[in-house]
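Line by line, the protein sequences are chains A and B.
Going by the numbering used here, the residue at position 332 of the first sequence is 332; the numbering climbs one at a time, nothing skipped.
Just remember that the numbering used here sits 1000 ahead of the position in the second sequence, which is counted from 1.
In short, the hints are calculated from the structure, not lab data.
There could be a bad hint or two in this list.
[Stated by the list, open to error] Label pairs and their computed distance ranges (CB to CB):
1. 251/A x 1016/B: 33 to 41 Å
2. 251/A x 1082/B: 36 to 44 Å
3. 1257/B x 266/A: 41 to 49 Å
4. 1016/B x 265/A: 36 to 44 Å
5. 1014/B x 134/A: 17 to 25 Å
6. 1197/B x 134/A: 19 to 27 Å
[Unchecked claim] If you want the footprint, here are the derived chain A segments under chain B, 3+ residues with CB under 8 Å:
7. 61–67
8. 75–89
9. 189–195
10. 211–217
11. 239–245
12. 333–339
Heads up, the beta-carbon is just placed ideally off N, CA and C, and yes, glycines get one too.
Spelled out, the chains give:
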Amino acid sequence: MSAEVGAEMGVSLPGAGWRRADGAPAQRREGRRRRRAGDDPGVSMVEEAEFTSYYGRPVIKPPVWKQPDVPAYLFLGGAAGTSAMLGALADMTHRPALGIAAHRVAAGGALASVGFLIHDLGRPERFLNMLRVLKVTSPLSVGSWVLAPFSALTTATAGAQLLGWFPRLRRVTGAVAAVLGGPMTTYTAVLLANTSVPSWHEPHRELPYLFAGSAAAGGGALCTVFTPVDEAAPARRLAIAGAAVELAMTHRVEHGHGLVSEPYRIGRAGLLLRTARASTAAGTGLLLATGRRRWGAVAGGALVAAGSALTRFGVFDAGMTSAKDPKYTVEPQRERARAREAASSPGEERAGG
Amino acid sequence: MTSISSLSSAFTGDDPGNRLFGPVPDVVGQSTSDADHPARVGFFTDTSVCIGCKACEVACKEWNTLPMDGADGRVDVLGLTGESYDNTGMLGANSWRHVAFVEQSRAVDLPMPTVGRPGDVGSPRPLAEPPVVHAEVPASATTAEQTAPQQTQSGDREIRWLMSSDVCKHCTHAGCLDVCPTGSLFRTEYGSVVVQEDICNGCGYCVPACPYGVIDQREDDGRVFKCTLCYDRLTDGLMPACATACPTESIQFGDLDELQARADARLAALQADGVEGARLYGRDESDGVGGVGAFFLLLDEPEVYGLPPDPVVTTRDLPSMWRHAAAGAAMAFGLALSAFAGHRR
Ligand code: SF4
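The following block holds chain A by itself, in its conformation from the complex (with noise of 0.2 Å):
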């Protein structure tokens, strides 16, 4: 029925030839709203005739996360938990000199990146909420049960440590806390991914292997700084495999999912994910090269831990970018939409047109 009004008034366009009768100044309204935001002017324009939107208004609500906190303690919570386990490993092997750096580092990265969760929340004193109950489906509430006990372990092993208390103890915590620091290294990965933030969900199997090696990269990088070369060598190795995985799953997410690849190639997030990556890539090659010289390990492990660091604010900003343009949000969900359609209707044309 409605197909035949649409073939009467002889309309054929999509969406029966309805446009918005006011898009031009509605475009210029958005202009405006981007740069107050403080977008990046390099982030293209919407194109309406591209796709639909209300008024180029985001369709979902970007985060409220704040920066520095959260990339901040996305990087310092997994370079905490690849420490961890140098730390044990290092107390297993004998290498005393390389277990304080790492028990330091896992502790100063785990207490620093509770602290900037809980400075991100909006009520910090009702923290302790976050232990009220365990949920699967809450990224955040499994990573608050990982995080506590993970922070309070390292902690106290470091503090053992450096008070040279209780030396048995301290090695069934440090060692308690190295398994732990493997989720450590990737719910983040998973909190990020679990939204419905377009570039964050969408790679959502690549993400928890960038994490685990940009962690790696991270707390291997740090260790190798704090380390008298003659122990280093681990941590070396780990920050240079870190920081290989770290550079090969970033360009997967960077190309593999067609436009909600492009925020993380376009303004702000595009220019810290270059900088990442040079920084990454000249400190391994620094590495390699002298990271058997203290300085050599000084600049190489700096680099990479800059790398490491800059990696998460990138991964985080584009999927701000991508939040807050709603051609993200509608058009895979249109092209999706349109598929099942086609699927489920071979050749029959849609009511209205």
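Start from chain A and add chain B with the ligand according to the hints.
For chain B with the ligand alone, kept in the frame of chain A given last:
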């Protein structure tokens, strides 16, 4: 609240009760052991009869004592957007109903396809240029106006004004509820999704988790707020404030199955009248969020109203994400272990 044991099967691959994704016949029964809970209630918002009066917005603000906010959700700001009559802008912490206004026009094939201004016969106005809508609306009703609501003809163009009162969808699989780490968000006995403000610690996770961009953090407060489906009124046997205030029954409140039947009938009637583009949004229980408790009759694509065309609760992919996270953690371990192999220096 959902216990871990009852969820474990969902995370090991098969999910017979559709705990994470898919249609759920009894969404309340999924989160309570109480067999005789009330029926699931919801809203059916029929946008074809919305007149854009914003009575729902006002009633909601009044009843829930929501602070004044501008079109970007900031408290105590008054702002005119210029986006038609919409100065509310969006749903958020302080606006739990939001009436969208969309002004549209389209060219129609008439015998004389162009219209010139009086006097300038030589330069007909190109069809692509939209007419001044308000000045040229003819008083007489056209055929289009009789068959399609919110639509009229103006010269060589048809114009229409879409209005739609948006609200939290009270999803069957609610992303906000799934990701809330404190248990502040919960499923009520009526099937609605509500924030317990005395527990919320403002972590903000629900904000990007919602596929509809509904829930938001109140800036000066730190906690998140959204529509409660007037939980306080329901427990006292009253209708939600917005549905009570709506003068055209565009917002209908009731038991969800009854609303769904009514919506199906309304859609069939509109289609029989030849109304183009009428469709139900959120009615389909096999959609990405398992159907919603507050669904809509729309006259155009969802994205025209600022709604996502194919929303999916991301928890659907969470089991796979956890598996990849476990593999990633194992990889980190492997890297650390192998770093200790080989030369000591
Ligand atoms: S629409 Fe958004 S806020 Fe409302 S129940 Fe669904 S996920 Fe939660």
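These are the hints, each one checked on the structure:
1. A hinted range of 33 to 41 Å holds for the C-beta pair residue 251/A and residue 1016/B, which are about 39 Å apart.
2. Distance hint for residue 251/A and residue 1082/B: a CB-CB separation of about 43 Å, consistent with the stated range 36 to 44 Å.
3. Taking the beta carbon of each, residue 1257/B and residue 266/A are about 47 Å apart, inside 41 to 49 Å as hinted.
4. At roughly 42 Å, the beta carbons of residue 1016/B and residue 265/A sit within the given window of 36 to 44 Å.
5. For residue 1014/B paired with residue 134/A, a C-beta distance near 22 Å keeps the hint of 17 to 25 Å intact.
6. At roughly 22 Å, the beta-carbon separation of residue 1197/B and residue 134/A lies within the given 19 to 27 Å, and the hint holds.
7. Remark: the region 61–67 of chain A is confirmed as covered by chain B, as 5 of its residues place a Cβ nearer than 8 Å to a Cβ of that chain, reaching the required three.
8. Counting residues of the region 75–89 of chain A whose beta carbon lies closer than 8 Å to any beta carbon of chain B gives 5, which meets the minimum of three for the stated coverage.
9. Only residues whose C-beta sits within less than 8 Å of a C-beta in chain B count toward coverage, and the region 189–195 of chain A has 6 of them, enough to reach three; the restraint holds.
10. Under a criterion of three residues with beta carbons nearer than 8 Å to beta carbons of chain B, the stated coverage of the region 211–217 of chain A is upheld, 5 such residues being counted.
11. Counting residues of the region 239–245 of chain A whose C-beta lies closer than 8 Å to any C-beta of chain B gives 3; at least three are required, and the coverage claim holds.
12. Counting residues of the region 333–339 of chain A whose C-beta sits closer than 8 Å to any C-beta of chain B gives 4, which meets the bar of three, so the coverage hint holds.
The structure fails none of the hints (numbered hints given earlier).
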